[in-house]
Amino acid sequence: MKNKATLRKVLRYIRKYIGLMLLSMLLAVITVAGALAIPILIGNVIDCLVPVNGVINIDAIPPMLLVIGIVAGITALLQWLMGVINNRIVFDVVRDIRNDAFRHIEVLPLSYLDTKSTGDIVSRVISDADQFADGLLLGFSQLFTGVVTILGTLGFMLALDPWITLAVVVLTPVSLLVARFIANSTYNMFKKRSEILGEQTACIDETIGNQKTVKAFCREDEATAKFEEINERLEKCSLRATFFSSLTNPSTRFVNSLVYAAVGLFGALSVIDGSATGAAGITVGELSCFLSYANRYTKPFNEISGVVTELQNALACAARLFELIEEPPQSPDAENALVLNDAKGSIKAEDVSFSYVPDRGLIEGFNIEIKPGQKVAIVGPTGCGKTTFINLLMRFYDVTGGAIYADGTDIRNITRRSLRSSYGMVLQETRLITGTIRDNIVMGKPDATDEEVIAAAKASHAHSFIKRLPQGYNTPIGEDGGTLSQGQKQLLCITRIMLCQPPMLILDEATSSIDTRTELKIQDAFMKLMKGRTSFIVAHRLSTIRDADVILVMNNGSIIEQGTHESLLSAGGFYARLYNSQFSEI
Amino acid sequence: MKKLLKYLTHGYLKETILAPLFKCTEAVLELFVPLVVADIIDTGIGNGDKDHVVLMCAVLVGLGALGLAFSITAQFFAAKAATGFSKTVGNALFRHIQTLSYSDLDEMGTSTLMTRMTSDLTQVQTGVNMTLRLLLRSPFVVFGAMIMAFTIDVSSALIFAVTIPVLAAVVMGIMLAGLPLYGKVRAGLDRLLGRTRENLSGARVIRAFCIEDRETEKFAHENDSLTHVQRTAGRISALMNPITFALINLAIIVLIRTGALRVEAGLLTQGQVVALYNYMSQILVELIKFADLIITITKAAACGKRIQSALDGGTGMEGGSEKDGRADSPYSVEFRGVCFRYGNAAENSLTGIDFRAEKGSVIGIIGGTGSGKTTLVNLIPRFYDASDGEVLIDGRSVKEYDIEALRGKIGVVPQKAVLFAGTLRENMQWRDNNAADEEILAALATAQAKDIIDKKENGLDCRVEQGGANFSGGQRQRLTIARALVGAPEILILDDSSSALDFATDAALRSALRSLKDTTVFIVSQRTSSIMHADRIIVLDDGKAAGIGTHAELLESCDVYKEIYDSQFRKEGGESA
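From first to last, the protein sequence lines stand for chains S and D.
Residue 0 is where the first sequence starts when you use numbering that gives the first Met the number 0, and the numbers rise one by one after that.
Residue 0 is where the second sequence starts when you use numbering that gives the first Met the number 0, and the numbers rise one by one after that.
If you're looking for bench data, these hints aren't it; they were derived computationally from the structure.
Keep in mind that the hints are not guaranteed to be accurate.
In silico lysine to aspartate or glutamate, EDC-like type, Cα no more than 16 Å apart, as pairs [said to hold, decoys possible]:
hint : chain 1 : residue 1 : chain 2 : residue 2
1    : S       : 211       : D       : 494
2    : S       : 211       : D       : 211
3    : S       : 520       : D       : 562
4    : D       : 49        : S       : 129
5    : D       : 217       : S       : 302
6    : D       : 217       : S       : 438
7    : D       : 288       : S       : 302
8    : S       : 211       : D       : 565
9    : S       : 225       : D       : 425
10   : S       : 211       : D       : 562
11   : S       : 444       : D       : 401
12   : D       : 183       : S       : 129
13   : D       : 322       : D       : 401
14   : S       : 15        : D       : 211
15   : S       : 211       : D       : 105
Please work from the sequences and hints to get the whole structure.
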């Protein structure tokens, strides 16, 4: 049922290439016909080799051979063409699906991306798509020609001799049954094997992934013993599964040789009877043709059962891809959504409530009013929900109740693009993209001049390390920053916002990986940047946020205190305790 | 590669020889089939002898049955050798990895080692299995068919002698042309993978800067170039079947043409021509199988080479024989002019470090990112050897100690807080397999982790998922501290181990650690508050000791320390971030 739905979706992608599809099918019929005609033509030639009245009609042979040559040549050419067309359809279809999947990733709500593992999504877009391509290609190139071959051979054989054909038709399915029987009985062995394999991978992952810890505690022997125990079980299980599944080929080969012997027997007898009575028998040439057909007829049967498994696998992969593509995207921007230009920076939260999980409220009845240019600090222990607040401000998540207003407009009525570009964001977790240093700096302002870039880098104190890199600003950096240190990556992230100078700032532990001395030096630049700009600052070190206009103290997801440093200290609440613990005696 | 094969020929010599042997016997039987068919045509049909036909068909069935028996035996030996081989190599590699030193691990990279152990090994197993089953069989059938052709008729067989090398050349040529393209396809896939991964993990940044469209465009572009390479590769490999098909048919045409002349001359029978034709067809089938096999083997060989290099890599670390330190030494840890340089780094990570730590004292280590804090503490349990100078524990050089005895004295809490799958008790017994519950609970209390297990229904028996995934970062950090405390270590090393703890918990932890009178404690931190009350503080700056002393002394004498301190404890009215 599910496969059918997936198949329909796959066909929707293929429809674009319907012309090529039809051409490919036509070519399949022609090439199979060509390939099947050749044994008959050869059989005819062989029949000429019987002396009639002591003479072989040798002159009749060359023209017949010429025909064979032409048929073989054309068939080969068309086979290649079919292969090229099949490749083209499959690779283009997979490209289209991949593009759709990626485009969809860019509009999926963050709530989806945050809860799904990256590895899982990546494997859908990359390896599932790849396996789907392999299966589809195999299906195209073998399934259709296989079926045509079976039907064609059957037709040709029937035309030659119905009785021998009957023998072939009755015997051949035996090989299918044998193959099916073996596949079924090894299924459990393979399942067991992949279970143990999973266990082994987990063991490797755990031990070797944390090899240094293992060594620090001298746990090498225990780890080895555990691994070898699993490995022992894996060997036993693998041996059984590998051996029993490898019986398929010999067994079907045996059945095929039975078919071959049967054709030889009935064929030869028919030839003898024919020449004895001088009537309805087959010739030696036809027998040789029959024998070659018997081989051809059984081959696709064996292949098709393999292809069907592959195709099922391919469909399963496609289903995982479609699952991703069909995941509901974030709500689109409202049609009359406002474009927020040159935001002044007043932010108001009115009775905001929010939760990640429907029935577990996280933020409730939250109110705040921030005037343009104010500096807002958010503090609290790890996991208290500081990031949640930022998620709401940037509309990575939408509030579940109440509303947040920017410059007096509900942010849900502002285009995401304009809202987000009004903020400059530096997160604790630095993210760089593959490209050059410059590419990473100009992310928010692609048309920046070199002078602007260098000025921004000087302001963030990143210039000195960048210019020491082999190619300066044009040094390529690998995925997620490659060899740059955590601190250097953070400096680059700061440079980004120094360059685009957005009207509002969000600094989430923006300097956590930079040593405190360099941090001091960047402070100046930050101070200048924050002047007149509404800024939100998350910091662990309370000493850095004392002069904030508003301090929001969060705990367990809700805002429990709100005020200035002095007012909160004198209130003697949570903030005061948190603040004083920094200086407590050991 | 050769050394890897040793594992095959030593442990599984019998299987390695018998599997191909049986397989070739099966192939010989197959080669008789066309001869039997020729006999049916020439003797059976030629003489109208039905009994002979029946007999010969029975022979065909017999050949098939014998072939089945031989082939099953061969499959068994091949499977046995392949799985056994992969087990032996897996064990050897795993054991080898356990002997690697920290420097070896840095150099080789753990993720590389993990791929060697998993997917590379599986590929090799398949490779060995297929090789034993097919590598000898296909050439055997091809050349066997040619030899059989020679026994039938020498001049016709010459056509075989020409066709086979031409076919082999074509098959090899197409494969060689295709292989580099497949490398490019892989590289293209890797690029797409990288792009997808970074768009997922960096989703916030990408959306914050509104560069979704640009990224989509880049992806589509890379996807296009991948498709382009795939098409080219596909076009080349699609040549394989048609060309071999055309060549074989050409050969058959020539074969029948010369055959016809020789039949006319009375040198050949009709049945023999059919037999020659059948041999030619067999060659086609085998050659294509052989080409597939070569691809599998090439892949497996590449994986095998990588496994071999992992097995050869690393030098390990030689331990000494001493179990105990000198009883008279007042110092628990002593560094004498220690320098350290990582593998092939250009500069020293540590230079000229000198200090002594009395038994039971608390030593704080502070400095900026990359100043060498972790490197310094890693020299104490001899995770690395100093490139110059000497590290002493209890008055004896770390190199003189038996490694297990040395590390048994030391409890380490690494930066990365990982637990291992199992129960919590098992995790806590890492330093001491026989640690009693009371001792574990005491350690948990010291590490401020008591509340974690109090909340768990089955206490110490609660399950720990792989990596400790069912605990939060802060919980894991406290549990790893407790793990290091079990078995009363003489030296405790906390490498930035309280970063995920809030200030209040951190302070409580520090005061609990103070009460361990017999343990020398090393605390590495970026926060002045974590180390300011230590008996001695080592301030590292760019691998050198910028100052060693108490908090008060350093505030007076050490500019670096003062700067760090001021950046964290600013005077009232100071600027802030």
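Verification of the supplied hints:
A hinted pair counts as satisfied when its Cα atoms are at most 16 Å apart, and residue 211(S) with residue 494(D) qualifies at roughly 14 Å. Between the alpha carbons of residue 211(S) and residue 211(D) the distance comes to roughly 39 Å, so the proposed pair goes past 16 Å and is violated. Between residue 520(S) and residue 562(D) the CA atoms are separated by roughly 11 Å; this keeps the pair inside 16 Å, and the hint holds. The hinted pair formed by residue 49(D) and residue 129(S) fails the criterion: a straight-line CA distance of about 56 Å is larger than 16 Å.
At roughly 40 Å between alpha-carbon atoms, residue 217(D) and residue 302(S) are farther apart than 16 Å, so this suggested pair is violated. Note on residue 217(D) and residue 438(S): the hinted pairing holds, with a Cα-Cα distance of about 13 Å set against a maximum of 16 Å. Using a Cα cut-off of 16 Å, the hinted pair residue 288(D) and residue 302(S) holds, with the two alpha carbons roughly 13 Å apart. Taking the CA atoms of residue 211(S) and residue 565(D), the gap is about 35 Å. The hint is violated against a cut of 16 Å.
Simply put, residue 225(S) and residue 425(D) have alpha-carbon atoms about 14 Å apart, close enough for the 16 Å limit, and the pair holds. A distance of roughly 34 Å separates the Cα atoms of residue 211(S) and residue 562(D); the hinted pair therefore is violated under the 16 Å criterion. Restraint check for residue 444(S) and residue 401(D): the C-alpha separation of about 59 Å exceeds 16 Å, so the hint is violated. For a cut-off of 16 Å, the pair hint linking residue 183(D) to residue 129(S) stands: about 15 Å separates their Cα positions.
A distance of roughly 6 Å separates the Cα atoms of residue 322(D) and residue 401(D); the hinted pair therefore holds under the 16 Å criterion. Between residue 15(S) and residue 211(D) the CA atoms are separated by roughly 26 Å; this puts the pair beyond 16 Å, and the hint is violated. Taken as a hint, the residue 211(S) and residue 105(D) pair is honoured in the structure, with Cα atoms around 10 Å apart against an allowance of 16 Å.
Against the hints set out earlier in the document, violations occur for numbers 2, 4, 5, 8, 10, 11, 14.
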